[in-house]
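Once you've looked at the hints, dock chain B with the ligands against the given chain A.
Residue strings, one per chain:
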Amino acid sequence: MPDTLDRTIRFGSNSGQPMTRRDGIAKVTGAATFTADNTPDNVLHAVYVPATIARGRVTSLDVAAAEAHPGVTHVLTPANRPHLHGDPEAKPTMFSFRIEVLQDDTVRYAGQPVAMVLGETLEAATEGARLLAPTYEMAPPRVDLDRAEPYDVEPGGFGRPTGASHGDIDAGHRAAVKSVDVTYSTAPQYHNAMETHAIVAAWDGDKLHLDVPTQALSMSCAAYASFFDIPVENVTINSPYLGGGFGSKAVPIGPNILAILAARMTGRPVKLMLTRQQMFGPTGHRGATRQRLRLGIDEDASLTVIDHDSLSETSSFDDFHEPAAGASQGLYAAGALRSVHRGARLDIGTPGAMRAPGEASGSAALECAMDEMAEAAGMDPLEFRLKNYAETEPGTGRPYSSKALRDCYLQGAERFGWAGRPLAPRQMRDENGLLTGWGMGTALFPCPMFMAEARATLRADGSALFETSAVDMGQGALTALAQIAADSLGLPVDNVEFRAGHSSLPDGGVAGGSGHTATAGGALHAAGSDVIRQLGEMAAADPASPLHGAGNASFVARHGRLYVDGDDSRSEPFADILSRAGGADLVGSGSASRPPETAAQYAMYSHGAVFAEVKVDPDLCQVQVTRLVGAFAAGRIINPKLADSQLLGGLIWGISFALHEEAHHDPVTGRIVNADFAGYHVPVNADVRGLEVLTVHEDDPHVNLLGIKGVGEIGIVGTVGAIGNAIWHATGHRIRRFPIRIEDLLKA
Amino acid sequence: MTDKTKITLTVNGTGHAIDVAPRKTLADALREDCGLTGTHLGCEHGVCGACTITVDGAPVRSCLMFAVQAEGADIRTVEGLANGPDLSPLQQFFIEEHALQCGFCTPGFLMLIDGTLKQSPDITDDELTEILSSNLCRCTGYRNIIRAARRALDHARTTTEPAA
Ligand code: FES
Ligand code: FES
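Residue numbers (our numbering), protein chains in the order written: chain A, 82 to 829; chain B, 123 to 286.
If we strip away everything but chain A, and leave its shape as in the complex, we get (with noise of 0.2 Å):
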């Protein structure tokens, strides 16, 4: 086997380039359509009635109220909803989860639907769900995770994480001559895009249309045929823009099914949208997590163990474990590791992937207590993690595909001006008299690829059209896949037009995972590559072309021209041999996944160094973060303007952890509290500050053809540690559980 993936790769011309992005004349003028701008003829507003206890069930409806309301048309109950093919309590993909689709009165956490109302205004539907009423038998809610029975999480797959044991950890734990055991927790939190759920429903017999934003095309799909036993070419998305994923959007949730049954059921199209409290129910969530670190060191501060115990919240009904404790086994060189997970049953929605799944949570912990343990060695925390730094994966001894950590930590900690940090804590105040303190953490986030396909067409003028069912959620697919596309022509972006964002193209694969540059771009290269193929053997069996016999050599594309390799006097326009051959369109179509022997060979991560500067009122314990310089190795960057806002947007979504978001439950009724925009918290503009984000040089050989490792969610990872450790080093207070709150420091 190779020991580097053929790369013959000339890229420069376009990718690598900081592009403005193509969807942008869209969407400052308002042309851009979201699913809830459609509104087709002789439309039905369905609106949901969220359940209002978290356990129970429904004891009574008020259809009759509901109906007699002037422009309600239908009412759908547990009583009366049609028959569905597939069983909601089967998982159609490998990403999918158990829903509610009205299949019994049963009430098992809030916000699940528990009836559906119809009408032929949006406030018909809306007053009629409100005429509804329910009544329930309540039984109590077990929404409190510190008081749930913990079980050990059976591994298998999505959402069941497997734990990782290398090492003698009893060993590791006796050689320690200093240890921290520390206990972190983390809040619930809702991913709460900014477009809601939405989706608009239409039959056409047994074809199925929907417009419904959704990070995986052909995946929802192959899901939706399964609920209504229909082929899965009978259906047809449009989802040519998200408002926003972040992992909400992958799979079918409960309300669209629910939506696309009251289509088939009227005739009509059925438009559905999520308020934004309904985002605090069947949308998936971060499940809070409990994690117990217990770390130990050597005379010469070298860690003899790293020791990740982590307890989440999942659902009474269905898996998802958050998988924290996965954040400790790649990163730090340990004498023994291990990381397990266990689950506890609460009466709420089930968790599911959201930014930074795993690694956000888990190097929050770890983070923190690798910080702990830098203060019991009396190390300064970057030379502490410098110390321990991991040369090859720990425990499976496996090489990094790349691993440029160390010019992260060290350009970044220039950039912010670590260097001279006391490092006692509450040594530092401005020039108000605010308490001042450093924080950093360590950046790690795996880099998966999916599987995607694309077509390319080479046209008879010389442009081109790319097409894979790719997906931008805002973070630029649209723009970046495109200049990947031109550069396997050798065109200029501005010749190159690209679709992407309906199911009817090519498998453009997953858009999540921080892979879909990687994979949908892929599979665009070794389209763009096919098209050349067949060009060049065009050009060297014609002889009227300058490239004539020149099979045996290969061809380079440039400038819409192709070259015989290294010999620059031999070359000829695509479109002159294109119109030789009679004008036709060449169509060629690639793929690209990852080879399953590269992927158990190398270790592949992307890397990060966060750097925090918080300020705190002595008095009011008040907390800002000032300054937050992140720097990143990601492997090949495509366009640094929008990678760049990917990780500025995850240093923000770190604040946000740290600082901000966090789901209440009451006690009584099970039910979020704060569930709406005025009590969850996110940042606003005044929260955010003095923001840097550099990326390293990375070149990778092996993660995939492209080198590329994905900025999506790693700007989070680390953050959130340092932000917390920086409050440590301005206060002298831990606070391990996050969000850190104003009390939690004035009680410490």
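Hints in this document: simulated from the structure, not taken from any laboratory.
Note that the structure is predicted; figures quoted are calculated from it, not measured.
Keep in mind that the hints are not guaranteed to be accurate.
Only pairs whose alpha carbons sit at most 20 Å apart, straight line, appear in this in silico SDA-like list of lysine to any residue [stated by the list, open to error]:
1) Lys126/B / Lys828/A
2) Lys128/B / Arg145/B
3) Lys128/B / Glu201/A
4) Lys828/A / Gln705/A
5) Lys126/B / Glu201/A
6) Lys722/A / Arg269/B
7) Lys722/A / Glu218/B
8) Lys126/B / Ile140/B
9) Lys128/B / Pro151/A
10) Lys722/A / Arg273/B
Using the frame of chain A, we list chain B with the ligands on its own:
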């Protein structure tokens, strides 16, 4: 409650004669009855600012206003910012500064800043931060949004004030 009222909304200088229930929000009327879907709904309770438009020059949450209240007012939405194919400087700066990612919050921010440009073009950086804090961007492009807004403010000052 369900009787409809005939009103005329003047949006971006064009009259829209529509028939709406009194309880219909201005945001829904713009989106559904006037066909102007550039105004987005992010919360429908006045917090996120995605639905921001200007009414008689002032930035307003269109989800918190009834359509019937806006009759006779000069309503401006994101669709009215450009002059035909020519983007306004603010729109241009948003693109150049990469002040948008998913773009869902963008119309609200644009209208908030557009109203601010007209109402108080001389605001300081701190005041601008305060004003921009009234809208949410989950993606989150805050740093670039503020840069684009600052450029637009500076541009407006230099092009409206006579050269010294
Ligand atoms: S939709 Fe109006 S403020 Fe959020
Ligand atoms: S760009 Fe997505 S919410 Fe602001």
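### Message
Which constraints among the numbered hints does this structure fail? Numbers only, ascending.
### Response
1
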